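Engineer: Sequence:
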Amino acid sequence: MAGLRDEAESDPALAEALSSVQRELSLYERSGSGYGCVFYLLRVS
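Sequential numbering from 61 applies to the sequence shown in this note's numbering.
Everything labelled a hint here was simulated from the structure, so no lab data went into it.
Any given hint could be a false lead.
Claimed, not checked - Restraint ranges, calculated between C-beta atoms of paired labels, are given here:
#, residue 1, residue 2, range
1, A62, V104, 23 to 33 Å
2, D71, S105, 42 to 52 Å
3, E69, S105, 47 to 57 Å
As the structure is a computational prediction, the values presented were derived from the model and not from experiment.
For glycine and all other residues, C-beta sits at the position ideal for the given N, C-alpha and C.
Sequences are here, hints too, so could you generate the full structure?
Structural biologist: Here is the structure:
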């Protein structure tokens, strides 16, 4: 990830993506086994 951080200095989209991933990792580290995702699929009838 360190190599990508160097590239992100000149690429705002990459910098935002790395920031988002870092936030998710931090959340996971703080939450431990309580971390998870839920996906809902809806269909109009």
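Engineer: Run every hint past the structure and note whether it holds.
Structural biologist: Results of checking the hints against the structure:
1. A62 to V104: 23 to 33 Å: violated, 46 Å
2. D71 to S105: 42 to 52 Å: holds, 44 Å
3. E69 to S105: 47 to 57 Å: With a Cβ separation near 50 Å, E69 and S105 satisfy 47 to 57 Å, so the hint holds.
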